[in-house]
Amino acid sequence: MSQETVTFSINEKEITVPKGTTVMEAAKKNDVYIPHFCWHPGLPIAGVCRFCMVKVDGRPKMEIACNLQATPGMKVFTETPEVKDTHKWALEFHLVNHPLDCPICDQAGECRLQDYYMEVGKYKSQMERPKVLKPKALPIGDDLVLDTERCILCDRCVRFEEKITKTGALGIFNRGDRAVVGTYPDKKIHHNYQTNLVDICPVGAFTSKDFRFKQRVWFLKDKPSVCPGCSTGCSVDVYAKPEVRSYFRVKPRESDVNGHWMCDVGRKTYRHMNQEERLRSGIVTGADGFRTRSRFDEAASVLAAKLLEADTNDIALLVSPQYTCEEYNAFFSFFVGKLGVKKVFQWREPTEKIETFDGILYRGDHNPNTRGLADALKKHGLPSDVKNGFDDLARSGAKLVIALVPEIGFQYPSLNAQISKLEELSFVSLWTINGTVFSHKGIAHAIPMKGYAEKKGTFVNFEGKVRELAHAFPAGSDDARDVVEVVAVLSEVLSHSN
Amino acid sequence: MGVIKVALPPDDKNLFQMAYGYFVTISSGMFKTWSIFWKQITKQEKSNTLEWPEQPATYSDRFKGKHFLTKREDGQIRCTACFLCATACPAQCIHIEAGEHPTNEIEKFPVRFEIDILRCVFCGFCEEACPVDAIRLGPEYVMAGGAGEKWVYTKDYLADRSELNGGIVSVKVENTKHYTVDTDLHGDNLLATDAPHMHH
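The listed protein sequences correspond, in order, to chains A and B. So in this note's numbering, the last spot in the first sequence is 498, and the numbers never skip. So in this note's numbering, the last spot in the second sequence is 200, and the numbers never skip.
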């Protein structure tokens, strides 16, 4: 049974779409942009902003494109002077009571009101009466600040709360120009998806406490990446200022894995890459037992010398599932394939509950590449079932341990305790981005790693989908390397010494 | 090939006639110089030359010299840390760190506001970009200093240095919130929009 289709035209261009498609969706698929505030592809249609007006041939009035189903032979026009004029005056209505506090508004630079004013507005205000004043800067959620004056009552947040998180915490109260969006009395927003409200808000009514006042958005560069916070592997955009090596926020990018959303835990996965939290240099211990920070080359040659001295049976690998498939392959090809190391253990969080799922996106397995690690272990003939290997490591009697430390430290509540356990071993080399390892006095050797936004590679998510990491930003430290690069250096040093 | 003659060759025979104009002009000029020198040395006329730096020289308020930050009428710094000056600055010499103000009336303010005066080109774009008249270039022009000098002007220096005599208050109408507007960011009351909160 083939799907019924409808053929109609937008700006005199013939378009065929499945029956039931709205003009807005058809236009979006065909790269015709219709300005809008309240319509969002991930939310039900509300039709409240009255901004996506289009002209339909033969109909006396403008119609809203978001709630207008395409019918055969319909002729839609989106760019006639009449349509532009309608947008202009619709915008003036939206701005009647808008406070215009763009200088202190975090949305400035990515604000629909600003964009459309420059695109279709550019009128002079005709309002003589003072603006209606409403409550400002209300902390209505753990990460949310609400400014009801800036709100244009597009209703997106209310629909998000109803349909996506099903918490229904927000509503629109009062009527007319006194209408405000807000929470019910004594209620605040606490769930794990609240920063999505900041993303979908087309104006600056919702701002994120985490990002609030940190940076103006026009200074930031965004690059696509994959969230390493859990095994769902949401597509994200990482926002950074590469010239000062700082990361500022993570936002969802539309994909078939995560739709339009991501959780608040995933949004924190930029902090560990910032200068104050990351391990910027290697750690080496001299013959006198004195630990110093070192450049990468020195740290690598110290490790290579240790590997040359060590007996293969004394070497053990401790691998966390937070690195890319390419890194695992390079790592195991060298250590297992070339050096013949047999003792390989997994680094996992003892308190984790892998099978839990919150019903939207966030999964109990807080590692992005559990499947990729299992595949790589299988490929190299090693046991691949998920198991915390710390006890086995202690029993194995290994004298030289190389550990790929979890990148997202806050997802491992026992991380510091686990590193303390490793301090008891005779020589352990931590490959990590986590800056706190320096405070563990027993850690004799460390190699600084790149963050997930700084390397190329792939994760395999919980359902086996390959999630591709782009090499988004230059490394935040000159000494940071990914595992592939470290292994290449080690193998070169070792091949020269043989 | 032809040669285009643009001037007649000088008439060597009549040198005095040719140089006559020069002698007249130079001697009348030197007469002026010496007569003023005489008048000033005998104190008949006041000299326009300043003995700077012992004698101060002032420029008009419109001169684009050393920057200063203006204040609100209550003495708070006027800047809202919107970063527009830093965006407009072609020398990238303005560094701002924004923060939440402890009072609700002012939401955003600069925790740090620094101008690297060595990079500044005194173009005045910051002054033009500012939406709240918070930064201006003033008539101070003495900025020379040695290697030990502080070349990064901090917020306190820009707003409160002794030359500003307690700070300059901007006369522009303030963009603070009306007293009826509720803000809760630092309060205990976390209710957002239930009816008693609305005052009209």
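Mixed in with the good hints, there may be bad ones.
Under the rule of at most 20 Å between Cα atoms (straight-line distance), these lysine to any residue pairs were calculated in the SDA-like manner [unchecked claim]:
(1) Lys214(A) to Val111(B)
(2) Lys172(B) to Pro44(A)
(3) Lys166(A) to Pro44(A)
(4) Lys209(A) to Pro131(B)
(5) Lys241(A) to Asn104(B)
(6) Lys241(A) to Thr103(B)
(7) Lys221(A) to Lys122(A)
(8) Lys214(A) to Asn48(B)
(9) Lys214(A) to Ile96(B)
(10) Lys172(B) to Phe438(A)
(11) Lys172(B) to Gly109(A)
(12) Lys221(A) to Gln92(B)
(13) Lys241(A) to Pro102(B)
(14) Lys209(A) to Asp133(B)
(15) Lys241(A) to Ala88(B)
(16) Lys122(A) to Thr103(B)
(17) Lys209(A) to Ala91(B)
(18) Lys214(A) to Glu114(B)
(19) Lys209(A) to Glu114(B)
(20) Lys214(A) to Lys172(B)
(21) Lys421(A) to Glu114(B)
(22) Lys209(A) to Gln92(B)
(23) Lys456(A) to Lys172(B)
(24) Lys209(A) to Lys172(B)
(25) Lys155(B) to Gln215(A)
(26) Lys13(A) to Tyr20(B)
Treat the hints as calculated values from the structure; they're not laboratory data.
Restraint check for Lys214(A) with Asn48(B), where alpha carbons must lie at most 20 Å apart: violated (53 Å)
Regarding the pair Lys209(A) and Glu114(B), is the alpha-carbon distance no greater than 20 Å? Violated: Lys209(A) and Glu114(B) sit about 24 Å apart, past 20 Å.
Between the alpha carbons of Lys214(A) and Lys172(B), is the straight-line distance 20 Å or under? Status violated; Cα separation ~27 Å.
Is Lys155(B) close enough to Gln215(A), meaning Cα to Cα at most 20 Å? holds (18 Å)
Is the straight-line distance between the alpha-carbon of Lys209(A) and that of Ala91(B) 20 Å or less? violated (31 Å)
Against the 20 Å threshold, does the CA-CA distance of Lys122(A) and Thr103(B) hold or violate the hint? Measuring from Cα to Cα gives roughly 35 Å; hence the hint is violated.
Straight-line Cα separation of Lys172(B) and Gly109(A) no greater than 20 Å? violated (25 Å)
Within 20 Å, alpha carbon to alpha carbon, are Lys13(A) and Tyr20(B)? It is violated: about 86 Å lies between the C-alpha atoms, which goes past 20 Å.
Is it true that the CA of Lys214(A) sits at most 20 Å from the CA of Val111(B)? Given pair Lys214(A), Val111(B) holds - Cα atoms ~11 Å apart, limit 20 Å.
Could you grab the alpha-carbon distance between Lys456(A) and Lys172(B) and see if it respects the 20 Å cut-off? violated (52 Å)
Restraint check for Lys209(A) with Asp133(B), where alpha carbons must lie at most 20 Å apart: Between Lys209(A) and Asp133(B) the Cα gap is close to 27 Å, so the pair fails against 20 Å, i.e. violated.
Verify the proposed pairing of Lys221(A) with Lys122(A), using a straight-line Cα cut of 20 Å. violated (28 Å)
Hint check: violations occur at hints 2, 4, 5, 6, 7, 8, 10, 11, 13, 14, 16, 17, 19, 20, 21, 22, 23, 24 and 26; the rest are consistent with the structure.
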